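Produce the entire structure from the sequences given, and follow the hints as far as they go.
Numbering-wise (the numbering used here), the sequence shown opens with residue 1 and increments by one.
Hints in this document: simulated from the structure, not taken from any laboratory. Computed from a predicted structure; not experimentally measured. Accuracy of the hints is not assured; some may be wrong.
What the hints assert, rightly or not - Distance windows between CB atoms, simulated:
#: 1; residue 1: MET392; residue 2: ARG194; range: 42 to 48 Å
#: 2; residue 1: ALA211; residue 2: PHE249; range: 46 to 52 Å
#: 3; residue 1: GLU247; residue 2: VAL191; range: 42 to 48 Å
#: 4; residue 1: GLU247; residue 2: ARG205; range: 47 to 53 Å
#: 5; residue 1: PHE102; residue 2: VAL191; range: 45 to 51 Å
Virtual Cβ for every residue (Gly too), placed ideally from N, Cα, C.
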Amino acid sequence: MSAISQSTALPAEKLPAPLVFTLAAGAGLSVASIYYSQPMLDIISKQFNVGIGSVGMVPMLTQAGYALGILLLAPLGDRHDRRTIILIKGLMLVAALLLCGFSGGINALLIASFVTGLTATVAQDIVPASAALAPERSRGKTVGTVMTGLLVGILLSRVVSGVVAEYLGWRTMYMVAAVAVLMISLALWRVLPRFKPGTFVSYPRLLLSLAHLWQHHQTLRRAAIAQGLLSVAFSAFWSTLALMLSERFHFDSAIAGAFGLAGAAGALAAPLAGSVADRIGPARVTQYGATLVMVSFALMFLLPLLPVPAQIGLIIISTIGFDLGVQATLVAHQTLVYSLAPEARSRLNALMFTVVFIGMATGAALGSLALAHFGWTGVVALSTLAAALALMIRLASRHLKN
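Right, dumping it as structure tokens:
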């Protein structure tokens, strides 16, 4: 395949549907790797005979590895052919998942989880690749579609891992995940064209340029911090949900994982969010999305007032609402950020998602502490507050285009 320009990529009204589907599947299967553990935490804690605090480090270290990987590895997409990077990191992720599956104790699993997060950042090479390949007039919709794959991967990962862990064991889940990542990595290598690097500066200078981009683009800072706060809320909820459902309702990991179906319903709106952002402007979409997240979490303060069936129903409704809000806001923020400097999309993406996954790691850690010390109400309060702060940031820019 001949080299192509990142900006002109494939000349067409829109990308071929099979290519978009493969990109979406690659993003979803890659990023799902960092979420498989969440519904399995109760099972893992019992097998290794450790408490909530120790087993809660599994998702926290995975998210921390992901944030570090985005910061240190994702910028390479501007310096090298993304097609090659996607293959190499995909194979490394396969190895990390196998290490998780063969872990003999909690410490080994923690190390393997960190490496999984580090290498699962291949998803953050796939998303800017889709933005580079898409025509400008349909870029929001294309990114939204690929993000649907990524977000459905995040949410359905919990459904799949909950069922597999309950009936086949948590180790089996990691083995299945390794096979899936291997297959999609080879498929992406086959269908993707080569990419021309956007820059030829050295790796140290590439990393140094991150500071310049962060200082120069106020839009980037606003988008990253707001989405990072929403990620705190998102991660606090999902990192503690299985433990709460086990303690309060005595649900097993399969049922806990099935709550991901509610979140997946919201994820399906990501392409719509991209289309709306193309039409009315992404800044407005971020305000609507952050509002929906805040309201959805705040509704769960009503749980103690309701009978058990109504409590479960409200959790499902809130899950659909906040996932829709988080995902719509994320797609809109990406549309804003990718328009800033096309030659630096990987670095812009790296900066935004580094903050996002610092938020994810922070949410996982704070969520576990809130659950341990204040119960589920503490988790709800944490998530509502984080979403409210994100909304304040977006409303502060309501008179601006970004």
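Going back to the hint list, which numbers does this structure go against?
Number 5 - this is the single hint that the structure violates.
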